[in-house]
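> Letter by letter, the chains look like this.
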Amino acid sequence: MNLFTTSNLTKTYGEGNAKVTALDAINLEIPANKFVVILGASGSGKSTLLNMLGCMDTPTVGEIAFSDINITSFNKHKMTHFRGENIGFVFQSYNLLPDLTALENVEFSTELAGLTRSDALNALAAVGLSERVNHYPAELSGGEQQRVSIARAIAKNPKVLLCDEPTGALDYNTGIMVLEVLKKIHSEGSSSVVLITHNREIAKIADVIITMRSGKVQSVSENSMPLSPSEVTW
Amino acid sequence: MGVFARITARKMRVHVPQLLGLVLLLAVGVCFFITLFTIMLRYEETAEQYMNDYAYADVTFYGIFDDESVRVLSETDGVYAARGRSVRDFRVPEDERIFRAVSLMDGINLPYFYQGRPPENAGECILLKRNADAMKLGIGDTVAFGENELVITGLAANPEYIYMVQNERTMMAQQNRFGVVYVVPEFFAQPGGFDYNEIVVLLESETDVNALAGLIGAFRAIMQKDQINYEMYRNDLSELGSFAYIFPLVFAVLIAVVIYVMLTRAVQKDRRQIGVMKALGAPNKKIIAVYLLQFCITAVMGALLGCFAAMAATGGIIAILSSMFVVPSLGFALYPVLWVLAVVVSVLLCAAAGLIALVRILPLMPACALRPRTPKGGRRLLIERIGSVWVRFSFNTRYALKNSLRNKSRFLAVVLGMTGSCALLAFSLGFHDSIAETQGRFFDDFANYDVIVSFNPMPPELEHAAETQACESSRALILHVEIGGEHYPLAIVEDGFDFVKIPYTELNSGVIIPEYFAGIWDAGIGDTLEINGYEAVVSAVVPQHVGLTLYTSFEYMGTVTDEIPPVYNTLYLRSADMPALVDYLNVNGMEFTTIDDDKTSFDSIMESMEVLIWFMIACSLILGFTVLYAVGLINLSAREYEYMFMGVMGYPHKSIIAAHIKETLVQLALALPLGFSGGFLLLEAIKGEFSNNNFVIASIITPASNFYAATAVAGVTVIMAAVTSRHVRRLDIVEGLKAQDDG
Ligand SMILES: Nc1ncnc2c1ncn2[C@@H]1O[C@H](COP(=O)(O)OP(=O)(O)OP(=O)(O)O)[C@@H](O)[C@H]1O
Ligand SMILES: [Mg+2]
Chain A
0 MNLFTTSNLT KTYGEGNAKV TALDAINLEI PANKFVVILG ASGSGKSTLL NMLGCMDTPT
60 VGEIAFSDIN ITSFNKHKMT HFRGENIGFV FQSYNLLPDL TALENVEFST ELAGLTRSDA
120 LNALAAVGLS ERVNHYPAEL SGGEQQRVSI ARAIAKNPKV LLCDEPTGAL DYNTGIMVLE
180 VLKKIHSEGS SSVVLITHNR EIAKIADVII TMRSGKVQSV SENSMPLSPS EVTW
Chain B
0 MGVFARITAR KMRVHVPQLL GLVLLLAVGV CFFITLFTIM LRYEETAEQY MNDYAYADVT
60 FYGIFDDESV RVLSETDGVY AARGRSVRDF RVPEDERIFR AVSLMDGINL PYFYQGRPPE
120 NAGECILLKR NADAMKLGIG DTVAFGENEL VITGLAANPE YIYMVQNERT MMAQQNRFGV
180 VYVVPEFFAQ PGGFDYNEIV VLLESETDVN ALAGLIGAFR AIMQKDQINY EMYRNDLSEL
240 GSFAYIFPLV FAVLIAVVIY VMLTRAVQKD RRQIGVMKAL GAPNKKIIAV YLLQFCITAV
300 MGALLGCFAA MAATGGIIAI LSSMFVVPSL GFALYPVLWV LAVVVSVLLC AAAGLIALVR
360 ILPLMPACAL RPRTPKGGRR LLIERIGSVW VRFSFNTRYA LKNSLRNKSR FLAVVLGMTG
420 SCALLAFSLG FHDSIAETQG RFFDDFANYD VIVSFNPMPP ELEHAAETQA CESSRALILH
480 VEIGGEHYPL AIVEDGFDFV KIPYTELNSG VIIPEYFAGI WDAGIGDTLE INGYEAVVSA
540 VVPQHVGLTL YTSFEYMGTV TDEIPPVYNT LYLRSADMPA LVDYLNVNGM EFTTIDDDKT
600 SFDSIMESME VLIWFMIACS LILGFTVLYA VGLINLSARE YEYMFMGVMG YPHKSIIAAH
660 IKETLVQLAL ALPLGFSGGF LLLEAIKGEF SNNNFVIASI ITPASNFYAA TAVAGVTVIM
720 AAVTSRHVRR LDIVEGLKAQ DDG
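Here the protein sequences come in this chain order: A and B. Take the first sequence: its letter number 54 is residue 53 in numbering that gives the first Met the number 0, and every next letter is one higher. Take the second sequence: its letter number 341 is residue 340 in numbering that gives the first Met the number 0, and every next letter is one higher.
Since the hints were derived computationally from the structure, they do not count as laboratory data. These numbers come from a predicted model, not from an experiment. A few of these clues could be false.
No farther apart than 25 Å at their CA atoms in a straight line, the calculated lysine to any residue pairs in the SDA-like style are these [unchecked claim]:
1. A/Lys158 to B/Lys285
2. A/Lys75 to B/Phe496
3. A/Lys75 to B/Ala311
4. B/Lys285 to A/Ala112
5. A/Lys215 to B/Ala366
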C-alpha cells in the first residue's frame, strides 16, 4: 500500500493578478517505508507539497490519502491530532523553541505523544547529542540544533519523517552528518522518510526520487543503487 | 513539571516588569472595591442590627401631646408601643453651642452605653459619646442648660443619631457645636404646660400613619425611612456602593487594554514558535494555556494582594468615616465571598483580554504561522499621501507621526491610560469642587436670610415675639404636603417675601418647584401637580441644592383650596445685629437655626468627604502611573529593534528621544481633553447617588482641578520618558540584533 496518494492536488495562493499556482493538479503515489527525495528548483512547490502531506495546510482542490485515510477531510482538531501521532517534521531553519533546552525540546514532542523522558534521551543519543541535552538552542551550533530537531521528530516514532531542506543552512560536513543520521534512522526504524532538496547530489541517497517543476511532478523514478551519504559530494 | 509549564514559567520571567505593573493595577482596583464594598456591607449589617436592637422608632409624631394621646396610640391596632417625650434645644450663649435635651424612654430609641449609667434625676444626663469626644467632656463633667447644670453620668450612642442631624438644613452638625443629651422625663416637668412635643412609635404592622396623626392631632408624622438620619444612612450606603464600582470599572478597562496590547505583541513576536508547536501537534488549548496562564497567575496574585491591602485599609477608613456616622461595633470583618469574587473576576478579565489577542493567531494553519507575517499591503499613511504637508516636517517629526499611526493599538493604549487616569483625577477633584459649588449656590445664590425660627402654628393676628427683634422678617407656613405618595415641604409665604432668591412674581401664579423634583415628577412650567389632593399649577422651576422646598403664596393657595388656615409657623429673619438676635432667641427658648449653623454643617460634610477624595486621588495616581509604566514598557520593547537600528545607522540618541517625546505630546494632546470630559461624565453619572430630597449636588469641575489632573498625568509621562531615555541609552546593539533573530 502507498504511504501517500494524492489526486488532483492543487494549491493556489492569492487572487486575481497576484494568483500563484504553487501546486497544479498533482496525482502522485509515494510508497511506504522508502527514503523518498523530492527534488526541484526553488519555487517549484516542494515545501507546499510537503506541508499538505504533513497536514500543515489545506489544499485548494484535490485530496490526499494517508494509507487509506482521506486526510484532506480532516477538521483542524483532527489535523493537529494527526500531526502529533504520525508526522515528524524537520525544518530547514530548525525551529527549536528558544525557551526550552535541547532535552525539553524533544520532550515537547514525547510529552504530546504520551511518551517518557527516557524516550527523549534515547532520541538525543541516536543523533549523538547525549552530551548537550541541557543546553538552550542559542548555545548550540546550527548542525547541533538540526540534530536536536531530528531527535524531536523521531522521538515519538512517527510513521513519516518529513524533512524540508534539512541541510540547507549547514556546511558540507555537517550536512553529510545530518543526512547520515536520517539514513540511519530510516534503516533501523520503521519510519518512511520524505526529504526535500534542490541538490541533485543529495537525491542520490534516495530509494525514490520525485522531481518537481512549476508546481507539477515531472518524474518519479526508483533508484536501485542508493548511495550512502558519505559517498556524495557537492 | 511538564514542558508546557516550563515554557510558561520562562516566558513569564521575560515579562516580569510588565506583569508587576499588572499586579499593581489589579491590586489597587481590587483593594478599592473590597475596601468600599466591605465597609458598605459591614455598615449595612451592623446598622440594621443596631437599629433593631436599640428599637429605633418607626414613626415620630410632632405636636402637643399628653399621656392621653400616648394611651390612645398604644391601644390602636398596628401600634406595638408608643412613648411620649420632650425634645428641646438649648443654646449655650458663651460658646455658641447648642445642646438638645431629649427625654429617655423605656423600650424605644434606647441608648447604647459605652460607659457609665442612665440619669437618675433631673440633675443628670447622658451625653452622646461623639459629642463628649469633640467637646472634651467626660463622666462627672457638667453641661449648662439655662439656669440648670446637668452632670454627665454616661456616654452613649443612639440609633436616631447615627448622623448628627440638627434639622433639615443642618444635616451634619459639627459635633463640638451641637450636642445631644438624654435626660429623665422629670427634667421637662413644668406646671400647667404641655407634657410632650413628640410621640415615638414602634409599629407592629403596616398602618396608616396619617390616620394615626389625625387621631392625636399631630401636625406632622415622619416615618423612619423619611427621617433625615435614616435617609442619609441609605444614601451613604448607595454612595459607597457606586464608588466601589466606578474605580474598579475604569481599572478593569485599562487592565484589559494593557493585557491585550501586551499579549498581541507577545503573540506576534512568538508567531513562529506558535507555528512550531502547532506543527508538532500541540493542541490549541495547550498553546492558549502557555499564554493565558501567565496572566491568570498574575491576576490571582494581583487580586490576592489587593485583598490583603483591603484588609489593612478597611479598618482605618472605617475609623475615619466614623466622624460622619456612628454605629457602635462597626469594624472590620472578612467577607470570603468578596475575595473569591475579586479573584474570579480578575482571572476572567485577564483571560478574556488575553483570548481576544490570541484568537487572531490561533486559527492560522501552522504552515502559515511559520512564514513571516504578511505586512498590511504596503499601505501608505494618509498623511504621506498629502505630499506637500509631509515633506515640510523634519525627519524626526515624520518618524514620530508614522510611529503613532502605525502602532495604533499601542498608541491608543497609551492614550487610553492617560485618559483614564486624567478622568479619575479630574473626577476626584471635581467631586470636591462640586460640594463647594453646591455650598456656594446655596449660600450665595439662594439663601437670603440670617435666621429661621420654627414654632407651633400661630394665627395671623398674633405677633411672634421674634418679629420685633429683627430688622426684617417674613411669615410663612411650612407644611409637609403629599405629592405622589411622598411628603415634601411646601412653604406658603406672604407678600413681599424675599428671603430665598426665587422669581417672586411667580409666587402668586402657582407653585415654584425645585429642578430636582421637576425631574422626578417630570413636571414643567404650566403643568398641574396634585398637592394633598388639590390641583396646583407649576409657575416656575428653580435650581435648589439644600433643604429642597416648594414655594407659593397664601394668595395662590387661597385660589386652590380654602382648607389651608391662614396661620404661620415659621419666621424668616434678617438682622443687623445677629449676636443680639441669637441671644434673644436663646433666652426665650425658641427653636431656630442660623445661616452659620448651616454653613458649619456644610463644612463638616466637606471634611468627611475629604478622606474619600484623597483615597480616590491616590488610587488615580497609582492607576495612571502603572498604566503608563506598563504600556510604556511594552512600547519600548516593541521599539527596541528600531531604536537600535537607528543607533547602528548613527542616529544620535537625542534625536531618538526627541521623536519619542513628540509622539508622547501627541498622545497627551489627545488624552487630556478626553480625560476632562471623562471625569465630568463620571461625575454626572454618580450625581444621582448623591442627591436626595434634601441635598442635590451641583456637578462641576473647575479649570484648576482639570489643570491639576493634567499636570499630574503630564508629570507621570515625563517620568516615563526619562525611564525610556535611560533604557534607550543602555541598549546593547549586538545583543539586540541577535535577539531579533528568534522573533
Ligand atoms: N503564502 C504564500 N503566498 C503566496 N505565494 C506563495 C505562498 N507560499 C508559497 N508561495 C508561492 O508558491 C510557490 C511554491 O512555493 P514553495 O515554498 O512550495 O517552493 P519551494 O519549492 O519550497 O521553494 P524553495 O526551494 O525556495 O523553498 C512559489 O512560487 C511561492 O512564491
Ligand atoms: Mg521550500
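> Now tell me if each hint is right for this structure.
Checked hints:
Only pairs whose Cα atoms come within 25 Å are accepted, and A/Lys158 paired with B/Lys285 is accepted, the gap being roughly 24 Å. Under the criterion of a C-alpha separation no larger than 25 Å, the hint pairing A/Lys75 with B/Phe496 is inconsistent with the structure, at around 83 Å. Between A/Lys75 and B/Ala311 the alpha-carbon distance is near 51 Å, which puts this suggested pair outside the 25 Å criterion. The suggested pairing of B/Lys285 with A/Ala112 holds, with an alpha-carbon distance near 14 Å, which does not exceed 25 Å.
Straight-line distance between C-alpha atoms of A/Lys215 and B/Ala366 comes to about 20 Å, which keeps the hinted pair within the 25 Å bound.
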